[in-house]
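> Each chain is listed here by its residues.
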Amino acid sequence: MDYSDKKQIFSRKITKYILITVSVLFIAIMLVLPLVSVIINSLKEGIAFYFKSLSTNYVTSALGVTVMATLISVGVNTFFGIVASWLLTRFEFRGKNTLSTLIDIPFSISPVIAGLAFIMTFGRLGWASPVIDWINSTFGTDIQIVFALPGVVLATIFVTFPFISREVVPVLNSVGHDEEEAAALMGAKGFKIFRKVTFPHIKWALLYGIILCTARALGEFGAVNALSKTRGQTFTLPLEIDALYMSGSADSITASFAVSSLLVIIAIIVLVARNIVEHRAKKDN
Amino acid sequence: MKKTLKGSRKVRVIPGFGLTMGITVTMLSTLIIIPLASVLLYSLRLSPKEFFELISEPNVVSAFATSIFCALIAAFINSVFGLMLAWVLVRYDFFGKRILDGLIELPFALPTAVAGITLSKMYSNTGFPGGFLSGIGLDVSYTHIGIVVALVFVGIPFTVRSVQPVLETLDSQYEEAAYILGASRRRTFFKVVFPELFPSLLTGFSLALARGIGEYGSVIYISGNSAKNGTQVVSYVIMQKLERLDYSSATAIALVMLIISFVLMFAINIIQIRRSRRVNAV
Numbered sequence: 001m002d003y004s005d006k007k008q009i010f011s012r013k014i015t016k017y018i019l020i021t022v023s024v025l026f027i028a029i030m031l032v033l034p035l036v037s038v039i040i041n042s043l044k045e046g047i048a049f050y051f052k053s054l055s056t057n058y059v060t061s062a063l064g065v066t067v068m069a070t071l072i073s074v075g076v077n078t079f080f081g082i083v084a085s086w087l088l089t090r091f092e093f094r095g096k097n098t099l100s101t102l103i104d105i106p107f108s109i110s111p112v113i114a115g116l117a118f119i120m121t122f123g124r125l126g127w128a129s130p131v132i133d134w135i136n137s138t139f140g141t142d143i144q145i146v147f148a149l150p151g152v153v154l155a156t157i158f159v160t161f162p163f164i165s166r167e168v169v170p171v172l173n174s175v176g177h178d179e180e181e182a183a184a185l186m187g188a189k190g191f192k193i194f195r196k197v198t199f200p201h202i203k204w205a206l207l208y209g210i211i212l213c214t215a216r217a218l219g220e221f222g223a224v225n226a227l228s229k230t231r232g233q234t235f236t237l238p239l240e241i242d243a244l245y246m247s248g249s250a251d252s253i254t255a256s257f258a259v260s261s262l263l264v265i266i267a268i269i270v271l272v273a274r275n276i277v278e279h280r281a282k283k284d285n
Numbered sequence: 286m287k288k289t290l291k292g293s294r295k296v297r298v299i300p301g302f303g304l305t306m307g308i309t310v311t312m313l314s315t316l317i318i319i320p321l322a323s324v325l326l327y328s329l330r331l332s333p334k335e336f337f338e339l340i341s342e343p344n345v346v347s348a349f350a351t352s353i354f355c356a357l358i359a360a361f362i363n364s365v366f367g368l369m370l371a372w373v374l375v376r377y378d379f380f381g382k383r384i385l386d387g388l389i390e391l392p393f394a395l396p397t398a399v400a401g402i403t404l405s406k407m408y409s410n411t412g413f414p415g416g417f418l419s420g421i422g423l424d425v426s427y428t429h430i431g432i433v434v435a436l437v438f439v440g441i442p443f444t445v446r447s448v449q450p451v452l453e454t455l456d457s458q459y460e461e462a463a464y465i466l467g468a469s470r471r472r473t474f475f476k477v478v479f480p481e482l483f484p485s486l487l488t489g490f491s492l493a494l495a496r497g498i499g500e501y502g503s504v505i506y507i508s509g510n511s512a513k514n515g516t517q518v519v520s521y522v523i524m525q526k527l528e529r530l531d532y533s534s535a536t537a538i539a540l541v542m543l544i545i546s547f548v549l550m551f552a553i554n555i556i557q558i559r560r561s562r563r564v565n566a567v
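As they're listed, the protein sequences go chains E and Z.
So in this note's numbering, spot 178 of the first sequence is number 178, and the numbers just go up one at a time.
So in this note's numbering, spot 71 of the second sequence is number 356, and the numbers just go up one at a time.
No lab work stands behind these hints: they were computed from the structure.
One or more hints might be untrue.
[What the hints assert, rightly or not] Quick partial rundown of chain Z residues pointing at chain E, CB under 7 Å, derived from the structure: (1) 320; (2) 403; (3) 438; (4) 524; (5) 530.
[Claimed, not checked] Below, in silico cross-link-like pairs of lysine-lysine (BS3-like), each with a Cα-Cα straight-line distance of 27 Å or less: (6) E:7 / E:96; (7) E:16 / Z:513; (8) E:7 / Z:334; (9) Z:476 / E:13.
A virtual CB, placed ideally from N, CA and C, is assigned to each residue, including glycine.
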């Protein structure tokens, strides 16, 4: 008995170390090595070349477009996320499950299809195209959606649409709505209830959702690729990376890794921020 | 107040139902549903015969086969490693565990295009570990294996993060009971733990599969996109059709993709509803 117990503990330990080693190796090869590889490739031609390739007009323009699209879509989706989570967790109504499934659509469809969807709506063949033409001719405006900045922004909003509500809904569900009901019965108005009662519960989840949304918006490629054709005007950073990489010369490939390294740094910041937020949220509970 | 008490079966004390419903439905419709409906609308203009001709073009069929096949294999690999990683992260304590846990989300945080060009470079003949692998006769970049590698990269968080929370809440009492009653540890795992984890593993599998079938950015560089070798994925073919302004073909393929993802989403929903029923019943 004693001997077999010892054997059991020994084999348990062996299993433990094998599993940990395989896990660490898997993460190291699959996830960490690509990060290291980006940095090494970006510095191939030296540090001067690195900074030179980050300061071309194309890259600064792409950075501007990316930041703008990210800010707008994070703003829009934060607003939507809060409103939708309030609706989905504070009320019972028919079709609630369907609504919540519809909100999650962008998670499971190819980003390229998102791009296609906007082309089929606002592009030449789209049904909304005459409407835009009419607006342009009546008001003398020059609104363009597809292959212009609004298209890039719409595509970015589309792919990040469920991110905030995804994080906030579970938290609101687990908190329950007794506190809000009490506040409402005592006469507090809607926005005051949200600010004083609900917001303190969801602030970490909201922040976490915003971080994920930002990361995804910065990096969106497929949907934007379908809707953006002008380098230096409507290109985002991932599109600029693609253009540099596909042009094929050794220099431009190194430059594309240099631009990529910016996004790698942002990705690492996102991961660290996410960890801090999660840690804080646990502490608060 | 009086009106709600009289009018509806349930009393709504909390304000804002109409407002939040209005905003949610309006935004959802204009930003997501109407654009997707336009794809549907356009593809309905095609006659069934045209539709089937477009989606049965040899390179389209081959792209569907490649996407589905590679996504299945990648989702399977991710399920195995996802289960293992979740187990290691929940059940063991070791140095660097928090870092390992934090790294799981990397594929969500890293732009797909960046992942794509790096993986392509790493697994080419001149990269590491690609150089070594091609030395032993295993070419990864520009083959189906490369596509699977990219899809394993993007899919791993889905399986880990589906299984991990369930494993965390799993009561170890049952395992102890099984063990005390004389079941071996392997038997305990497969008879007691695994059935509890299976629904969440299936959810993770389906999420990774859905993501893999539609994946674009991380795949197109490592795959090489050769029609001859059958390494074009569906998203690439749609993009190619778009660039050639062949909208009929692009929408027809997109419609099939949409149907596939809706079926997968439906399956995931059923798994989750069943699971919550079971949890609530206990």
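> Now, for every hint given, state plainly whether the structure supports it.
Comparing the hints with the structure gives:
1. 320: holds (4 Å)
2. 403: holds (4 Å)
3. 438: Constraint on residue 438 of chain Z satisfied, holds at 6 Å.
4. 524: holds (5 Å)
5. 530: Violated - the Cβ of residue 530 of chain Z stays beyond 7 Å from chain E, reaching only about 9 Å at its closest.
6. E:7 / E:96: violated (54 Å)
7. E:16 / Z:513: violated (46 Å)
8. E:7 / Z:334: Cα-Cα ~68 Å, so violated.
9. Z:476 / E:13: Given pair residue 476 of chain Z, residue 13 of chain E holds - Cα atoms ~21 Å apart, limit 27 Å.
Checked against the numbered hints given earlier, the structure breaks hints 5, 6, 7 and 8 and satisfies all the rest.
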